[in-house]
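In terms of the numbering used here, the sequence shown opens at residue 1 and continues consecutively.
Simulated from the structure, these hints should not be mistaken for laboratory data.
From the three backbone atoms N, C-alpha and C, an ideal C-beta is built for every residue, glycine too.
Don't take each hint at face value.
Quick list of in silico lysine-lysine cross-link-like pairs, DSS-like style, CA-CA up to 27 Å [said to hold, decoys possible]:
id, residue 1, residue 2
1, Lys102, Lys89
2, Lys6, Lys31
3, Lys121, Lys97
4, Lys40, Lys121
5, Lys28, Lys38
6, Lys97, Lys48
7, Lys131, Lys6
8, Lys131, Lys48
9, Lys38, Lys89
10, Lys7, Lys48
11, Lys28, Lys97
12, Lys128, Lys102
13, Lys7, Lys28
14, Lys121, Lys28
15, Lys6, Lys28
16, Lys48, Lys89
17, Lys31, Lys48
18, Lys131, Lys121
19, Lys131, Lys97
20, Lys40, Lys7
21, Lys40, Lys128
Have a look at the derived ranges for each label pair, beta carbon to beta carbon [claimed, not checked]:
id, residue 1, residue 2, range
22, Ser75, Asn98, 26 to 34 Å
23, Arg87, His2, 26 to 34 Å
24, Asp114, Asn73, 28 to 36 Å
25, Asp46, Ala122, 17 to 25 Å
26, Gln60, Arg24, 37 to 45 Å
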Amino acid sequence: PHVRIKKNDQDGSYVVFERSPDDRRLVKTTKNENGEVKMKATYTRDTKGFLRYGQIHDGQGVLIYRVQYGYDNESGQLVAEQMFDARVKHFFPTLDKNGQRKEMPIRRVYYFYDSEGNQSKAISLVPKAGKTARETFKKTNKPLDLYGEEEDFDPNNSTRPNSPFDEENKKKAQ
C-alpha cells in the first residue's frame, strides 16, 4: 500500500495515511508520540472513486462511528455526509411508511456550491438541541442581538437543504 506520514511538531503525535493499490480503501491512523494508536478511520470508495462509507475506531479498536457520503446525481459533487453512532443506535421518533424504525444520524453535514462549482462553508446539523449563541456568548455584539429580527425573516419558514439520502430512500421504496 501507499503510505504517507504527517507529524505534529507540538505534541509528537503523528498520522499515518495509507491507501490500497486500487485506491478504493483509505486508512488514517492517529498515533501518539509512543506509537500507540489513538484513532483509526477507514474509508471506502466506489468504482468511480467517490467516498461512500467510513468507519471510525477508537485506540482500542472499538467501532465508534459509521459515516455515509452522498453525491449530487448530475454534478457528482459531495453534497451531504451522515455520521451514525455505532455503539448506540438512535432512531427517528416516527416510523417510516412500512412501520419500521429508521436509524437517525447523530450528525449531518451539507455542502453547497456556487454556479462555478466552488464549495462554500458547510452546514452541520445535529438532532440534539444545544445552546443558542446568545446562551453561549453571554455578552453579545449588536449583529448577534439583531439576528432573527431582520425584516421579513420568519424562522418557521426557513428551509433546510434537500438530503441526497432522502432521494436514495425514495428510490429504494419504489
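Okay, the hints, checked on the actual structure:
Distance hint between Lys102 and Lys89 is fulfilled; the C-alpha atoms sit about 10 Å from each other, no more than 27 Å. In summary, the hint linking Lys6 to Lys31 is supported, as the alpha carbons are separated by about 10 Å, within the 27 Å threshold. Taking the CA atoms of Lys121 and Lys97, the gap is about 34 Å. The hint is violated against a cut of 27 Å. A distance of roughly 26 Å separates the Cα atoms of Lys40 and Lys121; the hinted pair therefore holds under the 27 Å criterion.
As the CA atoms of Lys28 and Lys38 are separated by approximately 11 Å, the hinted pair is consistent with the 27 Å bound. Using a Cα cut-off of 27 Å, the hinted pair Lys97 and Lys48 is violated, with the two alpha carbons roughly 32 Å apart. With a C-alpha separation of about 36 Å, the suggested pair Lys131 and Lys6 falls outside the 27 Å cut-off, and the hint is violated. Distance restraint check for Lys131 and Lys48: the Cα-Cα separation of roughly 41 Å exceeds the 27 Å cut-off, and the hinted pair is therefore not satisfied.
Between Lys38 and Lys89, the direct Cα distance comes to roughly 23 Å. Compliance with the 27 Å bound is thereby established for this hinted pair. With a CA separation close to 31 Å, the supplied pair Lys7 and Lys48 exceeds the 27 Å bound. Distance restraint check for Lys28 and Lys97: the Cα-Cα separation of roughly 38 Å exceeds the 27 Å cut-off, and the hinted pair is therefore not satisfied. Between Lys128 and Lys102 the CA atoms are separated by roughly 17 Å; this keeps the pair inside 27 Å, and the hint holds.
At most 27 Å may separate the alpha-carbon atoms for a hinted pair to count; Lys7 and Lys28 meet this at roughly 13 Å. For the suggested pair Lys121 and Lys28, the alpha carbons sit about 24 Å apart, so the restraint of at most 27 Å is met. The straight-line distance between the Cα atoms of Lys6 and Lys28 is roughly 11 Å, inside the 27 Å bound, and the hint therefore holds. Using a Cα cut-off of 27 Å, the hinted pair Lys48 and Lys89 is violated, with the two alpha carbons roughly 30 Å apart.
The straight-line distance between the Cα atoms of Lys31 and Lys48 is roughly 31 Å, outside the 27 Å bound, and the hint therefore fails. Between Lys131 and Lys121 the CA atoms are separated by roughly 21 Å; this keeps the pair inside 27 Å, and the hint holds. About 33 Å separates the Cα atoms of Lys131 and Lys97, which puts this hinted pair outside 27 Å; it is violated. For the given pair, Lys40 sits about 16 Å from Lys7 by alpha-carbon distance, which is consistent with the 27 Å threshold.
Distance restraint check for Lys40 and Lys128: the Cα-Cα separation of roughly 26 Å lies within the 27 Å cut-off, and the hinted pair is therefore satisfied. With their beta carbons about 31 Å apart, Ser75 and Asn98 fall inside the hinted range of 26 to 34 Å. As the Cβ distance of Arg87 to His2 is approximately 31 Å, the hint placing it in 26 to 34 Å holds. At about 19 Å, the beta-carbon gap between Asp114 and Asn73 misses the expected band of 28 to 36 Å.
Between Asp46 and Ala122 the Cβ separation comes to about 21 Å, which falls inside the hinted range of 17 to 25 Å. A hinted range of 37 to 45 Å for the beta carbons of Gln60 and Arg24 is inconsistent with their spacing of about 26 Å.
In summary, the structure is inconsistent with hints 3, 6, 7, 8, 10, 11, 16, 17, 19, 24, 26 from the numbered list given earlier, while agreeing with the others.
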